[in-house]
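Peer 1: Just so we're aligned, residue 22 is where the sequence shown starts under our numbering, counting upward by one.
Everything labelled a hint here was simulated from the structure, so no lab data went into it.
Since we're looking at a predicted model, the values are computed, not measured.
A few of these clues could be false.
Derived BS3-like pairs (lysine-lysine); straight-line CA-CA distance at most 27 Å [what the hints assert, rightly or not]:
id	residue 1	residue 2
1	LYS226	LYS118
2	LYS113	LYS366
3	LYS378	LYS366
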Amino acid sequence: MSPIKKYLLPGAFLALLFFHGLDACIGFVSEPQLRERRALAERPKLDINNLDPFPKAYEAYYNDHFNWRNYFIRASTFLNYHAFRNSALPDKVIVGKDGWLFRSGFQMEMYSGRYRFSKEELAAIQTELEYRQQTVEASGARYYLIIPPMKAQLYGDFLPETYARRINSETCAEQLIRHLREHSTVQVIDLIQPLKALQKTTDRKLFLQTDHHWTDYAGVYSVQVIIDELRRDFPALQPIQADQYDFATVTYEGLSLAEMLGLENELPETLEVLKRHTGFTARNGTCPYPIPTGFPFPEEYCILKQTEQPGLPKMMMVRESFANPMIQVLGDAFRESIFLFDSWKHQLHEDIVTREKPDIYIQMIWEGMIYKLLDDQPEQADW
Numbered sequence: 022m023s024p025i026k027k028y029l030l031p032g033a034f035l036a037l038l039f040f041h042g043l044d045a046c047i048g049f050v051s052e053p054q055l056r057e058r059r060a061l062a063e064r065p066k067l068d069i070n071n072l073d074p075f076p077k078a079y080e081a082y083y084n085d086h087f088n089w090r091n092y093f094i095r096a097s098t099f100l101n102y103h104a105f106r107n108s109a110l111p112d113k114v115i116v117g118k119d120g121w122l123f124r125s126g127f128q129m130e131m132y133s134g135r136y137r138f139s140k141e142e143l144a145a146i147q148t149e150l151e152y153r154q155q156t157v158e159a160s161g162a163r164y165y166l167i168i169p170p171m172k173a174q175l176y177g178d179f180l181p182e183t184y185a186r187r188i189n190s191e192t193c194a195e196q197l198i199r200h201l202r203e204h205s206t207v208q209v210i211d212l213i214q215p216l217k218a219l220q221k222t223t224d225r226k227l228f229l230q231t232d233h234h235w236t237d238y239a240g241v242y243s244v245q246v247i248i249d250e251l252r253r254d255f256p257a258l259q260p261i262q263a264d265q266y267d268f269a270t271v272t273y274e275g276l277s278l279a280e281m282l283g284l285e286n287e288l289p290e291t292l293e294v295l296k297r298h299t300g301f302t303a304r305n306g307t308c309p310y311p312i313p314t315g316f317p318f319p320e321e322y323c324i325l326k327q328t329e330q331p332g333l334p335k336m337m338m339v340r341e342s343f344a345n346p347m348i349q350v351l352g353d354a355f356r357e358s359i360f361l362f363d364s365w366k367h368q369l370h371e372d373i374v375t376r377e378k379p380d381i382y383i384q385m386i387w388e389g390m391i392y393k394l395l396d397d398q399p400e401q402a403d404w
């Protein structure tokens, strides 16, 4: 071996270490931005009187901020996806077939049937929901629980084979729906089964490939299902058809799951977006309720819609982000409607019910967070 070849690799390695250290001091190489959807660890303060927490806290800070970190993450995700079709963050994101991404973790435990409610948990949820129902009905309204499905419920065929086997084909949300229908008067509007049926007959995407949310079309179709159910108790409501609304086809960079992998440029998302300024009549009102400190979407905390149709009922919905494509369509369906996004707490908000005096109260809880109805939530549950 020639002297040049003998020293080339160790020389290159030493040069890389020197360059990395120099850049850490000077910072002349700009790093790509990652959208991690979490707060990075902050530099801890050294407290001479309390040294024990410092090493672990500083390690967490260093792991989030060391030099060239984002380049290494980008390279890892790029190689894992394009060479092996694997996820660089298997605890967070599952790389499925044909460009479909799924949220991993506890949601997959729920989808696979590994996580089930015990009899005691079902009874506890029933007791809580019946309390909410009684409280709402005492104010003169009807209480409804609606449950949008998890993405894998409709597109499980795109999961890798390792996730395809399910211990139980009934998820814990479906288990709860069945239990309530057999043992309670709480009215559940199940969106899981109607959307499963629609997915088998339509060419339209009902969920986003690079996000865990449903599409605007699925949201509007869900309004169609909800209105049909509500008309049993409120016949003045007018039925709608999802196909009567206009949608525009747009292409974005890959959405939240692609962003978590740093692959938003490699995995663009083409989707149908509801044309939100065409034909809607409900006007925006002003909500009087203060926005909770630290709420990440202050403009969405409370949305009020009003129409000039005094013969229609008033509706209140405690919601989450799945309601976003539904708001304008629902807003046109009622005399007045208030949408409260309560930071995924899924509480009753009895004080607001008393003040607003709605005719209809809707509690929206996404299937992937149905465990939020428990006081003692599973330790492994996360988002």
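Peer 1: Compare the structure with the hints numbered earlier in the document and write down the numbers of the violated ones, lowest to highest.
Peer 2: The structure conflicts with no hint, since it agrees with every one listed earlier.
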